[in-house]
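2 protein chains.
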Amino acid sequence: MEGEPTLRLRIFDLNCWAIRYLSKRRQERVRLIGDTLRQEGFDLVLLQEVWSEQDYSGLKVKLAGCYPFSHYFRSGVIGSGLCVFSRFPILDTLLYQYSLNGYPYMLQHGDWFCGKVPGSRAGVTAPLLSLSLQLHAEYCRDKDAYLPHRLVQAWELAQFIRHTSKAADVVLLGGDLNMHPEDVGIRLLRGWTGLRDAFAEATHFEGCKNGCTLVPDNCFTDKSELLPFPLGIRIDYILYKAISSFTVRCEELKTTTGRAPGMDIPFSDHEAVMVTLHIQRQGQPAGATLGTADPALADVVTEARTEVGAGLQAARRQRYSSGRMAVLALLLLLLQAAAALGTLAGLGAEQPFPKLSFCLLAFLALGVLVLATGLHLFHTMEVKMLHGTEDQMWMVLRALQERP
Amino acid sequence: MEGEPTLRLRIFDLNCWAIRYLSKRRQERVRLIGDTLRQEGFDLVLLQEVWSEQDYSGLKVKLAGCYPFSHYFRSGVIGSGLCVFSRFPILDTLLYQYSLNGYPYMLQHGDWFCGKVPGSRAGVTAPLLSLSLQLHAEYCRDKDAYLPHRLVQAWELAQFIRHTSKAADVVLLGGDLNMHPEDVGIRLLRGWTGLRDAFAEATHFEGCKNGCTLVPDNCFTDKSELLPFPLGIRIDYILYKAISSFTVRCEELKTTTGRAPGMDIPFSDHEAVMVTLHIQRQGQPAGATLGTADPALADVVTEARTEVGAGLQAARRQRYSSGRMAVLALLLLLLQAAAALGTLAGLGAEQPFPKLSFCLLAFLALGVLVLATGLHLFHTMEVKMLHGTEDQMWMVLRALQERP
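If you read the sequences in order, they're chains E and R. Quick note on numbering: UniProt numbering labels position 37 of the first sequence as 37, and the sequence is numbered without any gaps. Quick note on numbering: UniProt numbering labels position 107 of the second sequence as 107, and the sequence is numbered without any gaps.
Note that these hints are calculated values from the structure, not bench results. On a predicted model such as this, the values are computed, not experimentally measured, just so you know. No false leads were slipped in.
As the list makes no split between identical chains, a pair holds if one copy fits it or if it spans any two.
Heads up, simulated SDA-like pairs for lysine to any residue below, C-alpha to C-alpha not over 25 Å straight-line: (1) Lys166 - Ser244; (2) Lys254 - Asp264; (3) Lys166 - Ile90; (4) Lys24 - Leu63; (5) Lys60 - Leu312; (6) Lys62 - Thr93.
Please put together the full structure from these sequences, using the hints given.
Set out below in structure tokens:
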């Protein structure tokens with residue numbers, strides 16, 4: 001990048017929805033994605049929800065010619081589902097695990113098992129920090145129990161970007177953020193990092209109305225979820241910013257429109273986002289663009305802190321009730337042990353309970369004890385992490401208020 | 001720091017061993033630590049194993065006068081035990097959780113519950129990145145089952161430092177690394193980050209022989225653990241390096257010698273480490289000191305990768321055997337269900353088992369199924385993380401070999 005006046009960078013981002021045995025027409029779609037990527041020859045490809053390492057390996061083999069560098073992020077029980085293909089060398093990768101990521105007992109939502117992580121560096125001679133990521137899904141917008149977790153993730157992601165991006169020239173973030181453009185998490189992430197939204201900045205736009213990436217025209221989307229949003233919603237983003245002596249301009253943003261170009265099926269239940277960026281070296285360093293002195297930032301952080309505080313209250317209540325349940329189960333077990341000992345010692349004239357029911361009750365109490373203790377430990381961790389985030393936000397608010 | 005020619009920085013580091021109900025004479029020792037810190041007036045204090053938030057709050061109140069800035073890192077079930085007191089403003093903090101930290105079922109070792117984290121920025125006008133941390137303990141040196149986990153932690157710590165330190169002027173790391181100075185983890189951390197060991201660099205030294213921080217003279221240390229090391233061992237470190245246009249020189253390193261100065265009891269079962277650093281601005285930027293082109297570095301990374309590979313083999317074996325156990329338990333349950341259904345349908349002439357044993361066996365099978373499934377999931381995550389680290393190390397090795 002050093003010698004060239006302008007670098008034109010084409011980026012492809014897609015949530016691939018490639019879950020083995022569950023996603024419809026998975027193999028066909030992965031093949032289609034691979035073919036398109038090979039034909040189009042992007043510079044950087046950020047994919048999410050490639051849950052099977054076999055699918056990744058297949059893509060890697062197919063794309064070896066035009067994207068010689070790639071990385072798959074391993075984490076969690078199932079994996080992170082995140083991978084990156086690049087025309088430029090990937091110099092280094094770093095894994096950052098969010099401290100909160102849903103609840104292990106919400107099996108139907110599954111986020112906990114995936115340990116979602118951002119983090120990859122693709123080098124373009126001068127360093128370019130690129131992140132591929134996915135935040136916790138929103139399963140019910142009206143009563144969103146995961147909002148505090150998603151806010152903690154947005155905050156940790158913002159902190160991660162602030163702390164790791166200082167030596168980069170350009171920061172790029174692409175992924176399924178599971179948040180609408182006006183949501184507090186997006187405003188927090190953008191405000192606290194200074195990242196710009198490619199959709200809002202693009203000189204030329206082509207695709208679904210309002211840049212939506214979850215649209216009713218896509219045959220795989222859940223139509224009932226989109227009932228309140230007849231045009232669809234935008235939850236997949238490409239965000240960027242220049243750090244040191246560079247400027248970035250978004251020339252073009254395109255999305256697919258319910259089906260892959262020239263085909264009868266879409267790539268995924270999400271639409272793909274494709275942008276073209278112009279990166280140019282400036283005469284003088286742009287100075288610190290990290291701390292955006294936006295007066296609205298304090299309001300956003302305050303709003304986020306209030307939500308995290310509400311989550312903290314809920315987590316404390318759950319910790320308390322699971323702890324109480326564990327104590328009750330323990331008491332029942334002790335009572336049974338005392339009764340059994342009493343019977344053995346011949347204190348009671350006859351056995352007070354039939355053996356089977358007595359035994360069943362003991363096992364039930366033991367099961368409840370184990371489960372409730374596990375839940376108590378989990379919610380204790382949740383309380384610590386939410387409390388820690390609240391503290392960090394408070395520290396930032398104080399610094400923002402002290403700044404002129 | 002900008003205007004001054006030299007900054008003299010005094011740092012105190014101690015593993016406080018302050019576990020409620022378990023550590024001997026805890027309250028007395030925490031009081032003593034607080035008194036000493038107040039008298040001595042260090043610039044930066046890095047404490048580990050302050051497990052009770054009450055102890056932290058007590059110290060915070062006591063030290064508010066001379067250390068107006070402090071931070072306690074919340075994480076895990078119990079907490080991280082890490083805190084920082086500073087004479088200079090703490091600008092920002094970041095939490096990084098290691099992806100592996102022991103086994104949840106090794107209750108007697110407890111590391112898993114603590115989620116150890118480094119990460120704190122103490123600002124000295126120009127940024128100073130300071131980290132307080134503790135790595136996974138070594139419980140048995142000869143047959144060290146935790147070595148791969150500790151190596152993953154050392155690696156992640158090194159990566160974390162490389163990625164976050166670029167905008168800092170000076171990086172400081174203090175803590176209980178649970179590794180001897182010649183161990184592969186320490187060599188990896190130092191080699192890959194370029195951090196220098198204050199003990200090796202100090203112009204003036206005073207304290208236990210060889211800078212040991214776990215010594216037989218300390219009345220709280222476990223004497224049997226120290227039998228093979230009659231002089232003691234050094235596992236608490238202060239490491240540092242200058243990043244941009246600064247130089248750092250270690251003027252002095254002191255350790256306590258089995259008891260607190262002028263008292264009859266020690267601060268902790270570990271000795272405190274105190275250093276005085278001289279930080280000076282250079283005329284020209286020192287250039288990139290991150291990638292140390294040490295030819296021995298490739299050997300260290302190879303050695304570490306071999307150990308991580310051995311850990312990966314072991315984790316795969318454990319994943320396989322726990323998976324097999326879960327399948328066997330499931331088969332037994334299915335068999336029992338079939339037998340019970342058969343009896344209900346009147347297929348058998350009489351009941352083949354006494355009800356109680358039948359019921360007990362079913363519960364046992366269920367218990368084994370739940371436990372084995374949990375273990376299988378845990379070891380699956382372990383395999384993913386070890387495999388990911390092995391991959392990262394390979395990427396680095398390739399880059400090291402390609403470099404001239």
